[in-house]
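Trainee: Spelled out from the first residue to the last, the chains are:
2 protein chains.
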Amino acid sequence: MVDLDIKALTFDVFGTVVDWRGSIGREGSVWGDTKKLELDWFAFADTWRGLYQPAMEKVRTGELDWINLDGLHLMNLHQLLGEFGLDNLNKEELNHINTMWHRLDPWPDSVAGMNRLKTKFTLASLSNGNVALIVNMAKRARIPWDTVLGAEVVGHYKPEPQAYTKSVELLGIKPSQTLMVAAHNSDLIAASAVGLRTAFLRRPLEYGPNQSADTNPTADYNFVAEDLIDLAEQLGT
Amino acid sequence: MVDLDIKALTFDVFGTVVDWRGSIGREGSVWGDTKKLELDWFAFADTWRGLYQPAMEKVRTGELDWINLDGLHLMNLHQLLGEFGLDNLNKEELNHINTMWHRLDPWPDSVAGMNRLKTKFTLASLSNGNVALIVNMAKRARIPWDTVLGAEVVGHYKPEPQAYTKSVELLGIKPSQTLMVAAHNSDLIAASAVGLRTAFLRRPLEYGPNQSADTNPTADYNFVAEDLIDLAEQLGT
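Same order as they appear, the protein sequences are chains P and W. Numbering (my numbering) for the first sequence: 1 to 237. Numbering (my numbering) for the second sequence: 1 to 237.
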């Protein structure tokens, strides 16, 4: 590995560290059965996630005041209820569905890879997820963050440049000493534009078996890795 | 233990989790010898710490714009240089002294007790220390935070009420589901005033062998513990 003087790794979370589609699909299917709900929870996850960027964009442009991701998820969930036959759920059941994002499973390599990376680097989430979401997810899945940074802490949703620069500033290091790890080209391109180093992680099943976007790096990154164990290997941990 | 429905423990750090006086005294003595500096580093630590509250008070009252604790420590350090014969240090040496706060040692029970507490509760720092300081300290000493909260994240120094309420809000829980752990009565009284539960930890040597303040609880707290292993025990972990 080229010596880049990297001190900390900042991670995208949804899709990069955890499998949101598979987790919501699986938990929804099991829970839905107990409620006699008949729907395709994988399709439900896809549609829900489809509302994610447009909702955040309303916050980025100022059309909406700051709402954290739990709030945006709930707002979006209300839009889906009719389409998926969920109109009759009560508030507790809706909260159960909304907090499925707090219970996402890591990809099989994530925790093992991050435990190796943690021996040498500071590991911080740099996600659009809110603090409680990321903390609860980590607690359940044993994701070994050193700390939680990102959108809610700095008040900016990625890919706004401040989401990256203010997170790095809190770590007391330079952007060039920070390696942004993500499975999404747009995230890495935005991080790179403000001076962070970049690692592209392949997550070819994030969007299910027919994924077409982000299957390959579309720009020149410092690292390209097959998974987090491969990245740990490449970084000498 | 009475069932208080506690979900998270928020910790004061300086004096409660780590021994700032002993650590600066010890590291300073060793490092000072290599620099042929002759001073009492324990007295130096006491004097430096004595400037801590007045400096923060200038930020609380708005006399100073927001400065994080690394910044306040450096400002205060410059005031001490003459008194302790340190006028001739260069910038790098001053930075070395200032970051002694990043290298404080935990009290002997801290890491063991917190590892037990972590099995059942979310553990967050709720300190006036800045994020980089707390993260670097934890990394070196293996303090097992789930996340770092407190002054820099929420933009308020304790004992301002927002330091507590905004930290708790980020955890997505109620103040009553949060247990503030501290060795200082003033911290716990402020936390309690905004609804947090409280645990007083005895740290009779924080200020050295002649400590007179905070040797005993001066108000009615939910828990009083001899150390963090005792607290882990009392909380059933």
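Hints may be right or wrong, so weigh each one.
Since copy identity is lost for identical chains, a pair holds within one copy or between any two.
As the list claims (entries may be wrong) - Keeping only pairs whose Cα atoms sit at most 35 Å apart, straight-line, the calculated DSBU-like set for lysine-lysine is:
no., residue 1, residue 2
1, K58, K166
2, K139, K35
3, K166, K36
4, K36, K7
5, K118, K139
6, K36, K120
7, K120, K58
8, K139, K58
9, K118, K174
10, K118, K35
11, K35, K174
12, K139, K7
13, K36, K174
14, K120, K7
No lab work stands behind these hints, which were simulated from the structure alone.
Trainee: Could you place K120 and K58 in one of the four classes (within, between, both, neither) given a Cα distance threshold of 35 Å?
Mentor: neither (38 Å within a copy, 38 Å between copies)
Trainee: Checking K36 and K174: alpha-carbon separation at most 35 Å within a copy, between copies, both or neither?
Mentor: Between. Shortest inter-copy distance 33 Å satisfies the 35 Å Cα cut-off; intra-copy 53 Å does not.
Trainee: Taking 35 Å as the upper bound on the Cα-Cα distance, should K35 and K174 be classified as within, between, both, or neither?
Mentor: Only across copies: K35 and K174 sit 29 Å apart there, 50 Å inside one copy, limit 35 Å.
Trainee: As a check of your reading, is K118 near K35 (CA-CA no more than 35 Å) within one copy, between copies, both or neither?
Mentor: Answer is between; shortest inter-copy Cα gap is 33 Å, intra-copy 41 Å.
Trainee: At most 35 Å between CA atoms: does that hold for K58 and K166 within a copy, between copies, both, or neither?
Mentor: Answer is both: 21 Å inside a copy and 24 Å across each meet the 35 Å cutoff.
Trainee: Within, between, both or neither: how does the pair K139, K7 come out at a Cα-Cα threshold of 35 Å?
Mentor: both (24 Å within a copy, 12 Å between copies)
Trainee: Taking 35 Å as the upper bound on the Cα-Cα distance, should K36 and K120 be classified as within, between, both, or neither?
Mentor: Between copies only: 33 Å across, 48 Å inside.
Trainee: Could you figure out if K139 and K35 sit no more than 35 Å apart (CA to CA) within one copy, between two copies, both or neither?
Mentor: Within. Shortest intra-copy distance 27 Å satisfies the 35 Å Cα cut-off; inter-copy 45 Å does not.
Trainee: Given a CA cutoff of 35 Å, do K36 and K7 count as a within-copy pair, a between-copy pair, both, or neither?
Mentor: between (50 Å within a copy, 32 Å between copies)
Trainee: Within a copy, between copies, both or neither: which one fits K139 and K58 at a CA-CA cutoff of 35 Å?
Mentor: Cα proximity of K139 and K58: one copy only (30 Å, versus 37 Å across).
Trainee: When Cα atoms must be at most 35 Å apart, do K118 and K139 count as within-copy, between-copy, both, or neither?
Mentor: both (16 Å within a copy, 9 Å between copies)
Trainee: Check K118 against K174 for me: Cα-Cα at most 35 Å, and say if that holds within a copy, between copies, both or neither.
Mentor: both (19 Å within a copy, 31 Å between copies)
Of the numbered hints stated above, those contradicted by the structure are hints 3, 7, listed in ascending order.
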